[in-house]
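Number of protein chains: 2
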Amino acid sequence: MDNFQFCTPTKVHFGKGSLDKLHDEVVAIGKKVLLVYGGQSIKRSGLYDQVKAKLSDCEVFDLAGVEPNPRVTSVRAGAKICKEQGIDVVLAVGGGSVLDCSKAICAAACYDGDAWEQVLDWNKVTKALPLVTVLTLAATGSEFDAAAVISNLDTDEKLALIHPLLYPRVSILDPELTYSVPANQTAAGSADMMSHIFEQYFASSTNLISDGICETVLRTVIACAPRAIANPDDYDARAQLMWASSLACNGICSLGNGVMPWPCHAMEHELSAYYDITHGVGLAILTPHLMRFSLNEKTVERYCHYGKAVFDLLEEDDRMAMANKAIAKTEEFFAKIGLPKSLSELGLEISDERIADMAKHALEHNQAFHLCMEPMTLEDIKQVFKNAI
Amino acid sequence: MDNFQFCTPTKVHFGKGSLDKLHDEVVAIGKKVLLVYGGQSIKRSGLYDQVKAKLSDCEVFDLAGVEPNPRVTSVRAGAKICKEQGIDVVLAVGGGSVLDCSKAICAAACYDGDAWEQVLDWNKVTKALPLVTVLTLAATGSEFDAAAVISNLDTDEKLALIHPLLYPRVSILDPELTYSVPANQTAAGSADMMSHIFEQYFASSTNLISDGICETVLRTVIACAPRAIANPDDYDARAQLMWASSLACNGICSLGNGVMPWPCHAMEHELSAYYDITHGVGLAILTPHLMRFSLNEKTVERYCHYGKAVFDLLEEDDRMAMANKAIAKTEEFFAKIGLPKSLSELGLEISDERIADMAKHALEHNQAFHLCMEPMTLEDIKQVFKNAI
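Line by line, the protein sequences give chains A and B. Following the working numbering, the numbering of the first sequence begins with 10 at its first residue and continues without gaps. Following the working numbering, the numbering of the second sequence begins with 10 at its first residue and continues without gaps.
Next comes chain A alone, as it looks inside the complex (with noise of 0.2 Å):
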């Protein structure tokens, strides 16, 4: 077990109608408030004008507009209304992307400099302002992490920003926030939730914890992401969903691991830094790809292992079989969900030197693919990528 660091201050109201607890825990900050959210979704649920009416007694500025993989643009236009309103507390209602613009948000309104340039050293970061989130999509777990990853479209980046400052200090996640979710989204959550987890669970070093959270998590998802779908009002499915999504991000899954290079998130950034796709989606279709380019003698037990626990795959002598069964299970279970298996589907047409374009940015700005469990080089990526075509 490797040594590491913990601590998560969030605190967490889970459950039916825990939004009844978003007043006293906004006020218990401050009544100048910033709320950022995306497009019409939460205007057409209803749930904009609940959030506002439980916010009555407090001054409330809007940033709306906050995109799917959320731009430097919003953040700088969130931190510019901070200072000069002097906001006392961030309130982000909604996915993932908010809560990530949200916390960039929170980060440059106590700079000085540009937003992007805490992005690209986050040293830059020394403090931050409280940040409230009410959580409308089970996928990223930034309700319950210190991280956002922001994109920069005049460089065609899309890069992690990660400070203790940053975790939330209140989430509030109610499962029915969920309900009008489509499946599509649905399942891509799901697939962003798994990728978490799989770039904790094929590490350097595991452990019996680390492994049992992590193939619990995985189990939980694909029991319960096929029931959301199918019955989007199905509260166990949404709860049970939206709790590991919350866990899946948070670090608690992989304590003691060692050194995790999330290489499939990596890839997957460059995707969306060009092509705009979404988050989840890119991460289905590449890992697959991944987890056949890091199958070898050195780690096929790891693959049997995880079929075993996860799928209950039964042992084989063959064990090169046994990993490759456990792979085409994760596959299926994509596919199943109503996921795309290649970048084609998405009518992407990728030119080799667009890949070795990605291949050399993902190369640049993760600095740790030497360190995977089956170390990648620049022309391994490139494969993988092609793979995935």
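Quick caveat, the hints were computed from the structure, so don't treat them as lab data. Computed from a predicted structure; not experimentally measured. The beta-carbon is built from N, C-alpha and C at its ideal position, and this holds for glycine as well. Incorrect hints may appear among the rest.
[Stated by the list, open to error] Distance condition first, Cα-Cα at most 30 Å in a straight line; then the derived BS3-like pairs of lysine-lysine:
1. A:LYS136 <-> B:LYS20
2. B:LYS391 <-> B:LYS369
3. A:LYS25 <-> B:LYS307
4. A:LYS30 <-> B:LYS20
5. A:LYS133 <-> B:LYS20
6. B:LYS136 <-> A:LYS40
7. A:LYS334 <-> B:LYS317
8. B:LYS369 <-> A:LYS41
9. A:LYS20 <-> B:LYS317
10. B:LYS317 <-> A:LYS345
11. A:LYS317 <-> B:LYS317
12. B:LYS369 <-> A:LYS30
13. A:LYS369 <-> A:LYS317
14. B:LYS30 <-> A:LYS136
15. A:LYS136 <-> B:LYS40
16. B:LYS307 <-> B:LYS338
17. B:LYS133 <-> A:LYS20
18. A:LYS20 <-> B:LYS345
[Unchecked claim] Footprint (simulated), chain B over chain A, 3 or more residues, beta carbon under 8 Å:
19. 10 to 21
20. 46 to 54
21. 228 to 242
22. 260 to 268
23. 276 to 283
[Said to hold, decoys possible] Over the 10 Å line for every Cβ pair with chain A, so calculated as not near, a few chain B residues:
24. GLY221
25. TYR284
26. MET331
Here the structure of chain A is known, so what remains is to put chain B in place on it, guided by the hints.
Structure of chain B alone, referenced to chain A:
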């Protein structure tokens, strides 16, 4: 999945050499330190001198001699020093008893009345000194929760004090500090962790995530306790036991599980209060009897599920037989790590009158016996005590 609220603000430094974090964490809070510890073991092991050396620029006051079932008299003594000396931070170095005592000191130091009043009425905790812990025994999970259990010999009471202000600010968990824990204490600590899980796992409602995490912790303890007992310097076994102990009582294993009445702890606290026996030993003795009491047609599937998930039992048509095997496996495991099977093995002679007293007090102190998976009456509690003799 039931609604829940969750927040663990404790920062954990886990692993070899994590004592090196002590100085900076303490002085970040303040330089007037109350050092709380138990007997001579931290002096023999050299840990006391190490801690003192690391805090050479602090003003350190000692409170030594905290008892295995910590007394309110020790709490009063610690609170008195805090008040007289204007202590900034309490530093607990030891196992669960030292940590529990220290939590109660943190609360009592900020309270004008007597410390026992706060145990009897948790609302009387409104402020607490910050607590830093250095753990030397993997067992109670006190390093990562907000609970303390305090004994009052004047009233033969052993009661919990639980308050969010009592989470340690920082907990330093170095598995190497548990190498010197003898076999019997390692076994008792392991039984304590398992009992914490049982109290949450055999609950009125469960879900896939809580089941998986609970089963993971149980399997980890079952795998690692015998290794740590056979080879006290087995770092990996000590590390996994240590982190298992922290998770087991934190609440994160059972989020969404609804009402958890903790009957075994309520009953064991009576045994400890009257006979001052080791907590984990009492729990191990009571557990199989409580399980057998609650096994019936309504609960049989839960025990079968447990047996399959934790002990890899094969499915059987005779469900009651399978459930009984699961309970027998539990009993065998406790015996395997050297724990006694009955109260008489401890040399205790327990009269019917004393059993009646203990059952009455257990029911008075824990109002939730009727909410157990199989509800328990006064007569049921008496019967389980009798069966454990």
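Hint by hint, here is what the structure shows:
1. A:LYS136 <-> B:LYS20: This hinted pair holds, its Cα atoms lying about 19 Å apart.
2. B:LYS391 <-> B:LYS369: Measuring from Cα to Cα gives roughly 9 Å; hence the hint holds.
3. A:LYS25 <-> B:LYS307: 28 Å, holds
4. A:LYS30 <-> B:LYS20: Status holds; Cα separation ~25 Å.
5. A:LYS133 <-> B:LYS20: Distance of about 22 Å is within 30 Å: holds.
6. B:LYS136 <-> A:LYS40: Roughly 25 Å separates the two Cα atoms, so the pair holds.
7. A:LYS334 <-> B:LYS317: Distance ~24 Å between A:LYS334 and B:LYS317 Cα, so the pair holds.
8. B:LYS369 <-> A:LYS41: Given that 30 Å is the threshold and the Cα spacing comes to 53 Å, the pair is violated.
9. A:LYS20 <-> B:LYS317: 34 Å, violated
10. B:LYS317 <-> A:LYS345: 28 Å, holds
11. A:LYS317 <-> B:LYS317: 15 Å, holds
12. B:LYS369 <-> A:LYS30: 38 Å, violated
13. A:LYS369 <-> A:LYS317: 36 Å, violated
14. B:LYS30 <-> A:LYS136: Holds - the C-alpha atoms of A:LYS136 and B:LYS30 are around 23 Å apart, at most 30 Å.
15. A:LYS136 <-> B:LYS40: Distance of about 25 Å is within 30 Å: holds.
16. B:LYS307 <-> B:LYS338: 21 Å, holds
17. B:LYS133 <-> A:LYS20: 23 Å, holds
18. A:LYS20 <-> B:LYS345: Not satisfied, since the Cα-Cα distance of roughly 40 Å exceeds 30 Å.
19. 10 to 21: holds (count 12)
20. 46 to 54: violated (count 0)
21. 228 to 242: As far as the segment 228 to 242 of chain A goes, the hint holds, because 4 residues have Cβ atoms under 8 Å from chain B.
22. 260 to 268: holds (count 3)
23. 276 to 283: violated (count 0)
24. GLY221: Label violated. Min Cβ-Cβ 3 Å, cutoff 10 Å.
25. TYR284: B:TYR284 clear of chain A: closest Cβ-Cβ about 34 Å, beyond 10 Å.
26. MET331: 19 Å, holds
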